[in-house]
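Protein chains in written order, with this note's numbering: chain A, 1 to 336; chain B, 1 to 240; chain C, 1 to 392; chain D, 1 to 432.
Just so you know, the hints here were simulated from the structure itself, not pulled from any lab data.
Mixed in with the good hints there might be a few duds.
With a straight-line Cα cutoff of 35 angstroms, these simulated DSBU-like cross-link-like pairs (lysine-lysine) come out [as the list claims (entries may be wrong)]:
| id | chain 1 | residue 1 | chain 2 | residue 2 |
| --- | --- | --- | --- | --- |
| 1 | A | K109 | D | K180 |
| 2 | A | K107 | D | K305 |
| 3 | A | K105 | D | K305 |
| 4 | A | K332 | A | K105 |
| 5 | A | K107 | A | K332 |
| 6 | A | K332 | D | K302 |
| 7 | D | K108 | A | K107 |
| 8 | D | K305 | D | K180 |
| 9 | A | K109 | D | K426 |
| 10 | A | K105 | B | K158 |
| 11 | A | K332 | D | K108 |
| 12 | D | K280 | D | K302 |
| 13 | D | K280 | D | K432 |
If you anchor each label on the Cβ, the simulated ranges turn out as follows [to be verified]:
| id | chain 1 | residue 1 | chain 2 | residue 2 | range |
| --- | --- | --- | --- | --- | --- |
| 14 | A | R326 | C | R156 | 53 to 61 angstroms |
| 15 | A | R190 | B | D125 | 22 to 30 angstroms |
| 16 | A | L146 | C | T388 | 31 to 39 angstroms |
Ideal Cβ positions, reconstructed from N, Cα and C, are used throughout, including at glycine.
Listed here are the chains, written in short residue letters.
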Amino acid sequence: MDFLNALVLLANFVLIPAISYGSQLALGALGITLIFAILRFSHFAHGDVMAFGTAGVILTTWALQAAGVSLGPLPTALLALPVGIVASAAILLAADRSVYRFYRKVKAKPIVVVMASLGVMFVVNGLVRFVIGPNDQNFADGARFLFTVREFRDATGLAEGMGIRISQVITVVVTAIVVAALFWFLNRTRTGKSMRAFSDNEDLALLSGINPERVVTVTWLIVAVLVTMAGTLYGLDKSFKAFTYFQLLLPMFAAAILGGMGNPVGAVVGAFVIALSEVGVTYAFRKFLEYLLPDGMAPEGLVQLLSTDYKFAVSFVLLVVVLLVRPTGLFKGQTQ
Amino acid sequence: MFDAATDPVLIGEGMTGGYGAADILHNCTISVNRGEIAVIVGPNGAGKSTAMKAVFGMLNLRQGHVRLMGEDITALSPQARVSKGMGFVPQTHNIFPTMTVEENLEMGAFIREGDFRETLEQVYDLFPILRQKRRQAAGELSGGQRQQVAVGRALMTKPAVLMLDEPTAGVSPIVMDELFDRIIEIARTGVSILMVEQNARQALDIAHKGFVLVQGANRFTDTGQALLADPEVRRSFLGG
Amino acid sequence: MKKLLLTTALVGLTASAAQAQVNIGIIFGFTGPLESITPAMAAGAELAIAEVNASGNFALGTVTSVRGDDGCIDSALAVATAERLVTSDHVNAIVGGDCSGVTGAILQNVARPNGVVMISPSATSPALSTAEDDGLFFRTAPSDARQGAVATSIMRDRGVNSIAITYTNNDYGAGLADAIRTNFEAAGGTVTMVASHEDGKADYSAEVAALATAGGEVLVVAGYVDQGGRGIIRSALDLGAFSTFELVDGMIGQSLIDTIGAELEGSYGQLPGADNPGTETYQGLATAAGFDGSSAFSPESYDAAALILLAMASAGSADSAVFKDHVMNVANAPGEMIYPGDLARALEIIAAGGDVDYVGASAVELIGPGESAGNYRELEVRNGAFETVRFR
Amino acid sequence: MNLRNVILFAIMAALLVLVGFLQSPSVAMGMVNMCLISAIMALGVNIQWGYAGLFSVGTMGFVALGGLAVVLTSMPPVHEAWSAGGLGVLGALAIGVLTIVAAVQAWKRVPAGLGRMGALLVILVVGFVAYRAVLDPAVDAIEGTNTAVAGYLGGMGLPVLLSWVTAMGLAAGVAWVIGKVSLGLRSDYLAIATLGIAEVIIAVLKNEDWLSRGVRNVNGLPRPVPYEVALQTNPTFLSWAEWLGLGATEASSLFVKACYALLFAIVLAIIMWLSERAWKSPWGRMMRAIRDNETSAKAMGKDVKARHLQVFILGAAVCGLAGAMLVTLDGLLTPGSYQPLRFTFLIWVMVIVGGSGNNWGSVLGGFLIWFLWVQVEPIGLWLIGLLTASMPEDSGLRAHLIDSAAHVRLMTMGVILLLVLRFAPKGLIPEK
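Required output: the full structure, derived from the provided sequences and hints.
Quick look at the structure:
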């Protein structure tokens, strides 16, 4: 029984939050890694584009809510997703046409493109605030919980409980579907394979008759889908605020690099490693150990490895250590 | 009019040009007939690879023409030349390393409309080892096998001419012999082969025609056997 | 020569704005971490100014307000902005800044050197009580030290023996957490853990998990209503870690209840304010003007602007050096009580030589070093709204 | 300096003078001070990027360390805190260093395999537990002493100008550690790693209260120049001001700013002189050779990694110096104010716009971008005012636009960066 309690405790406080946070990071990191694989630069505007797409979803959701449209227990925002995807696709393609394409044409150094993406970041940053303002926006509706901590406790009779939110279920399910669809697309379709070919060997892809502009456009479209999904799921699970989305940039990058830049599998794994380590390393294990250890051996202190103040640092220390030992990340990333 | 029996399938005529201001090629002519193997040899820096790239359109020509089956293609981009029937295997970076062997071949057929399974089977028949390893990532194969993937990929468009830039660079002599055997086999199916080779002796041995370039210009042009027999060619370029 | 050039240029450029004009600078962090609450704060200050202008009783001229951005956390930007407002826009007084750090920077680098009065509605750091200010600095928000005592007595009266504290990781949160911890422990209670949280971060489950292990009957949340504080509460409820929260002033706002919902029922907190009908009046005025008057520090902002203008009227001068001594007079008894919407009447009384006691939207009572005395309302969430339980 | 560059600097000077006329001399002087500091920060980034091509976006961390150095150098020590837990903290830090040294030695000496992993793990765990066991009580004791105004160990009570030197030392020391760890990484990875490490430095500054009061800030740092208030009551100064025809307030404010400006200008001149000499020296040529072709430089027997480390440390030291100057000017240390957008990306914009690889370009970029950073907001407000003038007073859109005015600044920075990158990729003053 105590063992079960310990397990439920860990699930409630570490595993479930880490899995849903990890899923959201995974979608964002996938976008970053795809851009890196195809366009070969680190896309610093990612967080802000995420906010832009989500802003589109939110405005549409409000309109739908006002019109009385609802999905029952599911959030209305899911219906609004296409609009957000169109919005972020529009801004990404606009940035590509007006900024990035030029550097592709002149074959600029990747670093120059990274700086250009910094410029885009500044612009989109301002744009988002023009569109929806700097405030926290709430757009979640529908049922909140699949089951609550209390319901779980009452049903199982355990001392500890765990709760699962609808938004967490949606997050995990949607992420699973999107990731599966992406992998199917990349590995099974002609266009997907041509993207991988382009990522592997750009010159040879050109020789094989693959149209680079088409590959780039498709990439931005996929990124638009990923980034809007990530932003919306995150917003549903927590809340929307432009500044927070900008802040998500670092963990998303950490995940992509940790997994191996340019490697989609790596991005997903990296995201879960980051999420799990942020929550796990700073978790205070006292209660958990109280359940597992015999009476009288329970620890005095909180048994916390690191204060939560430094949870952010965990992912970076991890990142640097991994890079030192395996410079291409956990999974082999792009080497050029 | 173009006569497939006598006229060269591909000819770069009087090519002059280079990457920047300075010319590398000077009035250089390279050609290959149907089903034949043509080899470009010469000392280091003679412009062998440059001549091949010029034929393939990766270099701006100030003078000269390139004709494929009688059609002037001088102004076409490399991609357009691929769809016109030219296959090109670069010296390095000539495969998609993280993709499987089969995907590599599929990408070779990217511009082809319709079913290419038959060609795939032909490539597998030509290189049986690739059929065995078709689910494996190409980057994990040995050097010789990678070259086979690269050649196979170029064959997927069913080219009239297959151009190989130093296909045997960095492979062992045994693998080299095997590769040359395959190249002969390909030529027998009617595909013209144009290749640049470091291993001049072995290459000229299988070549119908050889071009010896020096400083971007033709020095000797003759059949492979004739060149091998020419004492001056032997002394200057084949190490005795 | 230089002087002459300068004067000509200035006269040429500001000719239209030459006479009978009073300028008020409104310096808040319109960008940066507090960017979401500052619009309602600025709107509050501007509401007071509009009211004074509309009254026609302000003898010193038309009051114009100029907004400036202090970035909340960018002291260099804050100083540059304040410098511009003071020396270029010639503001006679400043409403602001918002965050304690930049407020201190503006005070030391601009307000004191230029001798300009500044009244901050939201800088609550105890350090500002002792800062040298030449009598120029006031605040309509009380020091956090007082709030610690109030929060402690609220919790002890409710029989709470052990608490965990989480605070937003800045001087406001840290100061408040210190004050609450010290007071609560002195009152015989146990503080199981004090953990900070960063605002605007992705996820707070790690913080909540640690706090949950530490345990405690109540989780004290010393943060901001639309920032990490709310994320912490949301997460704590979702994880079943805590069910009752003690909310500090920065956490009080209808938007909190709107987003969290029924689970917040029974949580409680405190907000500066005495038994004051002015608060409700203010919220009515704010709604009519099209903004949320219950947003954090919005009433205090209204009061800050109103105090400046009343003090000017009382002194008969818009010169900071003169009217700075009148701020305490108009803010405190004796005199007629003045609430939001009463500014016209207040100006009349002052013009007639009478005395006013400005109460305003947040029950202003200035003490000692020119800061709010620290009357607090004890609030509890009942039926989806903050209800006043009693005054402390 | 050719004519074009002289004209560019003249325009910049004219802009500042214009501010002096249109807004006020005080605003202009204040801006000059910040421009000078920005120029030095930009020089620091230029040393790393322009000289050696290191894409390090950890500038914020070094600037913050410079600020910390001011506190550690110039504030008086807090004796109660030292007696309460000073020894404990020092001991804990010693344990920490010993642990790391031991771990590195173990890594080097024990052959790879399970044994090494085990040894490493044991050393790290034991070291960490010992470190925490000594540190935690000491920190509690220090932070418990008079938390509201002290609660930290204080500094060394030395003259504040000395802190500009210690700032360089502190930033350089930390840069050495960071460089050792991360300089081997490829450019993109280096960027993210340094960005993250800078965040870690800020996290330490915010949370290690015993060091510099954390987020409680340190106020009232000593100043190297007189106080305005003191000047305003000084009869000599007043008569002097009167002679100039200035009011006491204005004169004192201008005088103080001028003193700072003089100090900053001297520092900028020294750094500039050194940078230019370094640029033209064989060392500078070698750095550029490495930057332009790392492989061939390596082939020529240059120790690329050591050179990179060197230049990384130098750039960091200059950034640290600028950070110390900034905190000295502000008179307070607020760790919360360090944001990557402001202290890393903005500085990068300065370098790119000014012209990377050119010291004069970086100085111009520092001046121009700071000028815009401050002035775009009023311009934006004015523009939006113009735009919305015809809208009804109660229009929701009007209110929304006015509320958004402050964000014009970020967009402008982005647009400028994009335009420069596209149309003048070498910046306003290109590398020679």
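Consistency of the hints with the structure:
1. A:K109 - D:K180: Holds, because 25 angstroms separates the two Cα atoms, which is no more than 35 angstroms.
2. A:K107 - D:K305: holds, 27 angstroms
3. A:K105 - D:K305: holds, 32 angstroms
4. A:K332 - A:K105: holds, 28 angstroms
5. A:K107 - A:K332: holds, 25 angstroms
6. A:K332 - D:K302: holds, 29 angstroms
7. D:K108 - A:K107: violated, 42 angstroms
8. D:K305 - D:K180: This hinted pair holds, its Cα atoms lying about 9 angstroms apart.
9. A:K109 - D:K426: OK: K109 (chain A) and K426 (chain D) at ~13 angstroms, within 35 angstroms.
10. A:K105 - B:K158: holds, 30 angstroms
11. A:K332 - D:K108: The hint holds at about 26 angstroms.
12. D:K280 - D:K302: holds, 18 angstroms
13. D:K280 - D:K432: holds, 11 angstroms
14. A:R326 - C:R156: 53 to 61 angstroms: holds, 55 angstroms
15. A:R190 - B:D125: 22 to 30 angstroms: This hint holds: roughly 24 angstroms between Cβ atoms.
16. A:L146 - C:T388: 31 to 39 angstroms: For L146 (chain A) and T388 (chain C) the Cβ distance comes to about 37 angstroms; the hint holds.
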